[in-house]
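Assembling the complex is the task here: the two chains are given apart, and the hints tell you how they should meet.
As they're listed, the protein sequences go chains Z and V.
Per the working numbering, residue 1 is the first one in the first sequence, and the count goes up by one each step.
Per the working numbering, residue 254 is the first one in the second sequence, and the count goes up by one each step.
Simulated from the structure, these hints should not be mistaken for lab results.
For clarity, every value in this text was computed on a predicted model and none was experimentally measured.
Warning: the hint list may mix true and false statements.
Facing chain V, a subset of chain Z residues (Cβ under 8 Å, in silico) [what the hints assert, rightly or not]:
{"#": "1", "residue": "Glu53"}
{"#": "2", "residue": "Leu71"}
{"#": "3", "residue": "Pro73"}
{"#": "4", "residue": "Ile74"}
{"#": "5", "residue": "Ala77"}
{"#": "6", "residue": "Ala81"}
{"#": "7", "residue": "Leu89"}
{"#": "8", "residue": "Thr90"}
{"#": "9", "residue": "Phe91"}
{"#": "10", "residue": "Ala92"}
{"#": "11", "residue": "Phe93"}
{"#": "12", "residue": "Asp97"}
{"#": "13", "residue": "Met101"}
{"#": "14", "residue": "Gly102"}
{"#": "15", "residue": "Ala105"}
A virtual CB, placed ideally from N, CA and C, is assigned to each residue, including glycine.
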Amino acid sequence: MSHGVVGRGLGYRVDGRDLITGVDVAAAPGELLAILGPNGAGKTTLLRVLSGEWPATTGEVVLLGRPLTGLAPIEQARLRAVLPQQTVLTFAFRCLDVVLMGRYAATTGDDTAVAEAAMATTDSSHLAARAYPTLSGGEQTRVSLARVLAQETPVLFLDEPTANLDLRHQELVMRTLRGLADGGAVVVAVLHDLNVAARFADRVVLLAEGRVRAVGTTAEVLQAAIIEDVYEQTVTVVPHPVLGSPLILPHDR
Amino acid sequence: MGTGEQRSRPGWLIGGLGVGLLAAVVVALGSGAVRIAPSNVVAILLGHAGLGDGGSGGPTADAVLWSIRLPRVLLAVGVGAGLAVAGAALQGIFRNPLADPQLIGISSGAAAGSAIGVLLLEAAIGGIAAPIGAFAGGLAAGAAVYSLARHRGRTEVVTLILAGIAVAAVGGALAGFLSVIADDPRLGSPLFYSLGGLGVATWRLVGVTLPIVAIGLLFLPREARRLDLILLGEREAAHLGVDVEALRRRVLLLVTLTVGATVAAAGVIGFVGLLVPHAIRLVAGPGHRVLLPASALGGALLVVGADTVARTVALPLEIPVGLLTALAGGPLFLWLLRRTRHEHGGWG
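Bound conformation, chain V alone (with noise of 0.2 Å):
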């Protein structure tokens, strides 16, 4: 494996998860009960910037796509690129491949969060009380749970993950419980708060949840350089001249942010934030200056296809997307995987 192999692959990666996210997302928008040629969305999206004549679709096509589809899609597109970011960030502070917001708590305490910031603050504050409930039940589940398996300036990795485990249960517990018992339309059925859904999307949700995990987006990779510095080890990096402190809480800061945003939009998606950036790694190795855009380009990929197939595959019915990416995800990680032991050992 020459070095100008290695160096030449990211550039390729990136555009080329771009261009396929750009794909999924002309098909996404013209698939449904109403189908729209790929020619026409393209054309009624440059119509909706003030470009061309809008396309042949007529009126009906235009309002599916613009009200009800492209918001979904965009929707889809900022929860699956956050939690892609969140889970590559995560894995490299606790220096642990398993590490995933949901796997350590976080997005069930969001979860928890979003649905007691409904039912208190959203007659007060309205539709940013649900990310806001999300990223305080997602900072108390990550904080005990990181509380917990931190002991004499090590980071328990087994530790990490029963007390995520078992956080996830109570934080999950305790959503579906509020939503079974609380009977209100405002908050999510149990199985959204287990398994996720886009369906919920509006303009609003949009404009309440793409600026939060934006603000991820943009400052997590600020840190690629010190995180791959963390991966040498904690007492490297601090001989190398990082704050692993202060690292440390900014990252956990904004990937609970980031995670909280995409709970409260559209509940509690599992194994993007575990599988994308493993899939990133085989191909690019595990330097983060490509692993976190490369990972919120293909978590992007990854929720707009599934929720693409959730929506059209039982028409008039709806699966809920977390069904579809554990469907999809749980083999092709088990593949990954045996590949990951072929290529360089396992994990050990």
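Just chain Z, with the same shape it has in the complex (with noise of 0.2 Å):
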């Protein structure tokens, strides 16, 4: 496991107050692993420490057998990307300019061939020209995800990539994650649909009040007994009809 992403014990204090307490996680190359759990579980705090954009107060990250707080920013950005849950952006770049934001840290390659591949991959390269503050969440979301795929790094972060996003496009770019991590690399995601996380993760780590509350795959994560417990709602577990994956439906009693 030393060759993926690797957080050890993991604890994030403001304010006297614990966000996580004690989180281990493990992430190997060639999978998709998803962060679950309810609001104020710490899904984001934990995918912030992982990506270091927060140090952590407890335990250690480790990224390809790197300590993360050995690494200098641009070090990092080699090393893995970032999707924040929204980027905002007051002034007017175009699509374009900002997918090519996400070369800054690399050494080799044709920076606007890699940003054009990106964009194509996210469908957003009509909007290549666009003013980046003129478009849409969904738009938003799909150029700052070209922008990630464009900093190809190991690892990628991603928090909550398929908010904003319709059906077709939410589709889209989890078929592009669940790619990626076929192709070797470390995906990490903050997912706030279950189903979601049911067809395209490997692995599941569960939140509950900054705790791990179950971890595994997304068959023994996903079970009735364990979301109802943990979401304070009543669930049925049926099988995809297709799919065969677990498929989460919330009722009433």
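Listed below in structure tokens is the structure:
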């Protein structure tokens, strides 16, 4: 496991409050790991600590065998890319320029070719000459994802990459992430839709109140009893009629 | 708006501004109580460079142009370029279209520092005392405003502006106070510290000021790509590999150095650092690779033009140049705001 993303005993404390406590998490190359949990469970905090945005109060993060704290910003940027929940841009950059910003840390490759390919992958090529602030939320998400892809890193962290997206683009983005993992990348994504996680993730870490409540394959974790306990919501889990993956159906009583 | 169209614009913009600046310099050198035709201006300049016969203006025209007007115009070029580049870079690192050396207190801190530098140090170290004092004063003001506006790793935009206004008021008042009570001819008038002026230009002042401004003009554009990334967000810039804290320190130091030198030489001239970068962004977009050099040229053009009008429109009186940049800049700025709202929904 030394060549993926490893977090050991991660804690993050601010103003005397622990946002996450004693979180152990690991994702190997070729794996898509979903971080799930109710609102306020610490999903985004865990992602920020894993990606180096917030220094862990306790524990340590190791990226591809290298401790995160020993890496300069530029070295971190060559190992991992991050998609935050939303990027607000006041100044009217063209989308192609935004995607090209993903190439800052790159040392090889044709920047423009890589950026254009990334935009094609996220179905945003037609937005290249548009000003980023004029786009809809879903379009901004796709352009931001293209920027993340243009970074060409072996590790990707994504915070709710499908928020704001319509059904087609949600599928497109998840297929893209799945493809990156299948190609050998480590993909760690905070997801709010359990069914999206069930279909696309290899493994799941389920957080509740800042601690790991369950961790394992999607089939192991996404069981009715565990979900009902963590989310305080009645659900029925059935096999997906076409794919056979777990399908979570919430209902009253 | 096609990709090709946008890409072909920056070259034209920078070329056009460069030609415009050269023309403005020639007109400025020829304007005043002693009028000199543009052809003679060029001939006199070439004569001093050892080319040609120096034109037909005679020794008076030569002396007026070479000893009085040329240092003044060169100083205007340096002051305008420095203020506009500093404004553009500040707006970048604070991700705030309102950041301006004057608005966030750096200029007034520099004015007070410059006055103190002259009173305490000029006897010992000479003409460099004013820019050194200005640098220290600007740095103190900038650091105070910045540390107030930082909270939990974020810059609070409204606090930044409000703290800037307060610090600017204190710095400006301190400079004015010193200039009144010290009654020292080496200090400028209170008007100099609040509205600026290039009337004190000498070759010696040019020699002190332009090399310092050149440091900013040379090194700030090297941060262009990182400043672009900061506009995406501090968090995003860090994800992409920028050492955000180090960048902010470097840019603030360069901006303060540049602004300090302009204030020590020409007082506080408002609106240049705000107006020029905004105008350039409207034409060329927000990318700093074009924005910084184009702002330098545009700022120089604006201040050379404003100073020429300031010293010729009411001969033999001279109007403070800051009055003209404000008089021309204010309405132009309002028009820019309207256009910005039409084109991409305003600043929110």
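So, going through the hints one by one against the coordinates:
no., hint, result
1, Glu53, "6 Å, holds"
2, Leu71, "10 Å, violated"
3, Pro73, "5 Å, holds"
4, Ile74, "4 Å, holds"
5, Ala77, "3 Å, holds"
6, Ala81, "7 Å, holds"
7, Leu89, "6 Å, holds"
8, Thr90, "6 Å, holds"
9, Phe91, "4 Å, holds"
10, Ala92, "5 Å, holds"
11, Phe93, "6 Å, holds"
12, Asp97, "6 Å, holds"
13, Met101, "5 Å, holds"
14, Gly102, "7 Å, holds"
15, Ala105, "4 Å, holds"
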